[in-house]
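Asks: What follows is each chain in one-letter form.
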Amino acid sequence: MTTDRVTTDRVTTETKVELSINGRRHVVGVEPRHTLGDVLREQLGLTGTHLGCEHGVCGACTVLVDGEPTRSCLVFAVQMDQTEITTIEGLAAADGTLHPVQEAFSACHGLQCGFCTPGFVLTAVHLLATNPAPDRATIRRELSGNLCRCTGYVGIISAVERAAVERAAVERAAVERAVTNAAAVAASAADEPSSPRH
Amino acid sequence: MVASLDQSTTTAGPIGTSPRRKEDHRLLTGRGRFVSDLQLPRMRHVAFVRSTYAHARIVSIDCNELDPIDHPVFTALSPGFEVGLFAQSALPGYVETEQPPLARGKTRFAGEAIAAVVADDRYQAEDAAEGVVVDYEPLPVTVRAWDEPQHPVHDAALDNVLLARTFSAGDVDAALAAAAVVVRREVVTNRHGGNPMEGRAGVALWEGSARDGHLTFWSGTQIPHLVRNLLAELLELPESNVRVIAPDVGGGFGTKAVLYPEDLALCLMARSLPGTPLKWVEDRAEHLAAATAARDHRYELEAGFDAEGHLVGIRGEAWCNVGAYSVYPWTAGIEALMAGGLLTGPYKVENYRCSVRGVATNTAPSGPYRGVARPATVYAMECLLDSGARALGMDSIDIRRVNLIGPDDVPYRLPTRLIDDTGHYAECLDACIERLGLDELRAEQARRRAEGGKPIGIGLACYNELTGLGRAASAGPRMPFRTGHEACTVRINPDGKVVVLSGVTSQGQGLETTLAQVVAEAVGVNYDDVEVRYGDTDQSLWGFGAFSSRQAVIAGGAANLAAVDVRESALRLAAELYEASPDDLRLENGSFYVAGSPEAVGTLADAARVAYLESNRLPPGFEPGLDATRFYDPVMGAFAAGVQVAAIELDPSTGEITILRWVCVEDAGRVVHPQIVDGQIAGSLAQGIGGAQYEHLVYDDEGNLRTGTLLDYLMPTSAEIPEFEIGHIERPADNPLGVRGVGEGGTLGPAAVLASAVADAVGIDIDQLPLTPERLWLALEDQR
Numbered sequence: 001m002t003t004d005r006v007t008t009d010r011v012t013t014e015t016k017v018e019l020s021i022n023g024r025r026h027v028v029g030v031e032p033r034h035t036l037g038d039v040l041r042e043q044l045g046l047t048g049t050h051l052g053c054e055h056g057v058c059g060a061c062t063v064l065v066d067g068e069p070t071r072s073c074l075v076f077a078v079q080m081d082q083t084e085i086t087t088i089e090g091l092a093a094a095d096g097t098l099h100p101v102q103e104a105f106s107a108c109h110g111l112q113c114g115f116c117t118p119g120f121v122l123t124a125v126h127l128l129a130t131n132p133a134p135d136r137a138t139i140r141r142e143l144s145g146n147l148c149r150c151t152g153y154v155g156i157i158s159a160v161e162r163a164a165v166e167r168a169a170v171e172r173a174a175v176e177r178a179v180t181n182a183a184a185v186a187a188s189a190a191d192e193p194s195s196p197r198h
Numbered sequence: 001m002v003a004s005l006d007q008s009t010t011t012a013g014p015i016g017t018s019p020r021r022k023e024d025h026r027l028l029t030g031r032g033r034f035v036s037d038l039q040l041p042r043m044r045h046v047a048f049v050r051s052t053y054a055h056a057r058i059v060s061i062d063c064n065e066l067d068p069i070d071h072p073v074f075t076a077l078s079p080g081f082e083v084g085l086f087a088q089s090a091l092p093g094y095v096e097t098e099q100p101p102l103a104r105g106k107t108r109f110a111g112e113a114i115a116a117v118v119a120d121d122r123y124q125a126e127d128a129a130e131g132v133v134v135d136y137e138p139l140p141v142t143v144r145a146w147d148e149p150q151h152p153v154h155d156a157a158l159d160n161v162l163l164a165r166t167f168s169a170g171d172v173d174a175a176l177a178a179a180a181v182v183v184r185r186e187v188v189t190n191r192h193g194g195n196p197m198e199g200r201a202g203v204a205l206w207e208g209s210a211r212d213g214h215l216t217f218w219s220g221t222q223i224p225h226l227v228r229n230l231l232a233e234l235l236e237l238p239e240s241n242v243r244v245i246a247p248d249v250g251g252g253f254g255t256k257a258v259l260y261p262e263d264l265a266l267c268l269m270a271r272s273l274p275g276t277p278l279k280w281v282e283d284r285a286e287h288l289a290a291a292t293a294a295r296d297h298r299y300e301l302e303a304g305f306d307a308e309g310h311l312v313g314i315r316g317e318a319w320c321n322v323g324a325y326s327v328y329p330w331t332a333g334i335e336a337l338m339a340g341g342l343l344t345g346p347y348k349v350e351n352y353r354c355s356v357r358g359v360a361t362n363t364a365p366s367g368p369y370r371g372v373a374r375p376a377t378v379y380a381m382e383c384l385l386d387s388g389a390r391a392l393g394m395d396s397i398d399i400r401r402v403n404l405i406g407p408d409d410v411p412y413r414l415p416t417r418l419i420d421d422t423g424h425y426a427e428c429l430d431a432c433i434e435r436l437g438l439d440e441l442r443a444e445q446a447r448r449r450a451e452g453g454k455p456i457g458i459g460l461a462c463y464n465e466l467t468g469l470g471r472a473a474s475a476g477p478r479m480p481f482r483t484g485h486e487a488c489t490v491r492i493n494p495d496g497k498v499v500v501l502s503g504v505t506s507q508g509q510g511l512e513t514t515l516a517q518v519v520a521e522a523v524g525v526n527y528d529d530v531e532v533r534y535g536d537t538d539q540s541l542w543g544f545g546a547f548s549s550r551q552a553v554i555a556g557g558a559a560n561l562a563a564v565d566v567r568e569s570a571l572r573l574a575a576e577l578y579e580a581s582p583d584d585l586r587l588e589n590g591s592f593y594v595a596g597s598p599e600a601v602g603t604l605a606d607a608a609r610v611a612y613l614e615s616n617r618l619p620p621g622f623e624p625g626l627d628a629t630r631f632y633d634p635v636m637g638a639f640a641a642g643v644q645v646a647a648i649e650l651d652p653s654t655g656e657i658t659i660l661r662w663v664c665v666e667d668a669g670r671v672v673h674p675q676i677v678d679g680q681i682a683g684s685l686a687q688g689i690g691g692a693q694y695e696h697l698v699y700d701d702e703g704n705l706r707t708g709t710l711l712d713y714l715m716p717t718s719a720e721i722p723e724f725e726i727g728h729i730e731r732p733a734d735n736p737l738g739v740r741g742v743g744e745g746g747t748l749g750p751a752a753v754l755a756s757a758v759a760d761a762v763g764i765d766i767d768q769l770p771l772t773p774e775r776l777w778l779a780l781e782d783q784r
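Residue numbers (the numbering used here), protein chains in the order written: chain A, 1 to 198; chain B, 1 to 784.
Computed spacing ranges between beta-carbons, pair by pair:
no., chain 1, residue 1, chain 2, residue 2, range
1, A, R136, B, D306, 43 to 49 Å
2, B, G727, A, E166, 24 to 30 Å
3, A, N131, B, R184, 50 to 56 Å
For the record, the hints were derived by calculation from the structure and aren't laboratory data. From the three backbone atoms N, C-alpha and C, an ideal C-beta is built for every residue, glycine too.
Using the sequences and the hints, build the whole thing.
Replies: So, in structure tokens, the structure goes:
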């Protein structure tokens, strides 16, 4: 669907795109040349996505598009029709509780000015979704598409490492809980007098 | 509520611990507020038309294509644009020149703003900028500070020298004549810059009449009060009519400690379009082309040593490329004066003569960048020591040891009259070497030399970081202001919570956290009950801002003084309220305790309520309210000692360097927040490594920037930066908090360390930076 908007010196064509952003559906009219990053920031007020270089090198503007890290300065919003997008605003719980990766960035001083941080956090979320236990060398390699000018990367690498360890601990605890629960269920089932099956 | 004092309720986040940074939550959740995030009603957007020539007369600027209502265009000929930036210094040998808000008459570097266009959004503004046609008449171009000038950049300086000064002490000619050996090195360092992840941005809003309006300028500036001061002067406004707001800022590193012509242009445009907020957000290409950079230097130096390796004299010359303009407000002398003033670093030498020049060229202006000149001077100085060691057949570590200023020499007067108050260099060096495991590395180095394998080299650098410059220490450049002081207000609200209004700014250094720790401890409240506000000239009384590693020392000092005053007032009031002697009372965790009793007698919240709302309960003569404003000036500065040692491996087939180990030990004085301090060191080390190996703003002979994107200007990533081993020796400085500045030291070492490591590995002197694989491979080829 397109509509023509006439400005004083030129005619622009707007296209409607449907985006699911952080779980919420948005229908926005965009010009073909509008990048996803600009639409998120200017039209949707999602200013947590930062534009560091606008030519695809620094990675600050990284968002997840259908789960994949994507540089929002390098894709046009019109290409994003019917996609699911996660921005930095979509990670923490509604009550402000940080996502484990965000929490680890704070705990390990993985951010200073915070400008590159959204891109790093989302890239790290994707990394841990695809590789739950990366070592430091792997983390360094995987995050080398993002630039940070403040931290010297040390805190960032530690944060991702910590998030992986904590996530593994949480999962282990969940498994242990499940095993314990299953054992308790089995035990209580054994305790109960067996009833005849119907 | 009265709490009992036990371990579980002691103040969270006292000095020396690392409480959660106050900045983190908003920055991690995308709720930070950066200038580029700002959206205001009626806001319009600005794009600059930039020069495509490095040096050219502007014959005409044609904007007939553009509708003047939809797309107002501003040039140097627009009303009000007659003003300009004059960086001032009273130093003899300084030539004052003007930087206009938009190029006037001619353009002096490729990327200089010539015109500015307004539109409804940034896309349209950039379209409109293309509708402005500039007709140029090219002029001869000079790009290097040490080349014969082709055509004066400024008429006021026909030889392009904007500042010349000779630092001199003792009799260096006699000392070198009598020296056992004299070594000579000629080194050239590379232009690179701060390149913060958030570029420059501004929003200017003028409300009211052109003559008596109010200007609000949101800017990522590191120096909001200085900016207010100058804007008020240039726009002929009362200073109270100008408000400068620096919200969250995405890195600065000195690059944003400058008032740029674009900033001034934006405010002048806002005056012409009252009621319309004007927003400019630069892109990275503009940043690389037009923001200030640094360290485009050349040094020709000689050093004399006696037979034991003692430095007997240093003699030489230095050229610093100023670029096209004298940077406001720091002047064309910023790098040259620092280079000549601190070249000798932490080494004892009495005979010294160094002539420095700041030379204008047709390149982007240079300005303050983390470490100011010293990453280059430390490299030059360490090159001299390595050459001296080789000439004398000495070990490269031993020659440094015999020359380092020691604790017994302190206070040591440098040949340039600065006073070094630390002397803990050898201690840092020892700690580095111990941590590195030197003997093992030397054994491995020897093994590889004997049996083959990639050569290993060990490099080191010792440096002093002049931090927290007070009025005496900041007097050198003779600017019409002294940056020695900061103001801070500490206010206890009626609910007992504390607000700190600081004149300092933060671009990632965590000042919200550090100042809260300082104030929490000095007042006697919890860290969580302190809120720090800065970056708004309408809130804080005065501050120079963030530069020269001054924030912890000077802003921390002011916060501490104001907090102590407030605590004393609160204790005086509490003494009356709780019928105790003030001397027996103490304030901890927001509660009052009487000596000898574990139970609190009352809370700060109760007392604060009385102070603001119940004047009937105030002691006689006690003025209502609980707040204090204090200035602090350390008068001198606090030198911070630092040493870096690294082990590298070279690949002779490619010239590639792999960093095996990197150890840095600094004396940061008393550490307020260890995690933040280590973060500052790690970040500055990474910038130093970037500048030493990768980052280079390359100009061709016509003055075109050849590394104008991040594809060509290489910033180091997590794949290049090694793990760092950071250590501290904490020797409290002579100021109320005992702190030393810590933000810059890391940048000072890497070029010197890497060059020294290469020399150690393969005996090649690196005389030019950056130390790229190509440069090293070519040097190895020459050697073969």
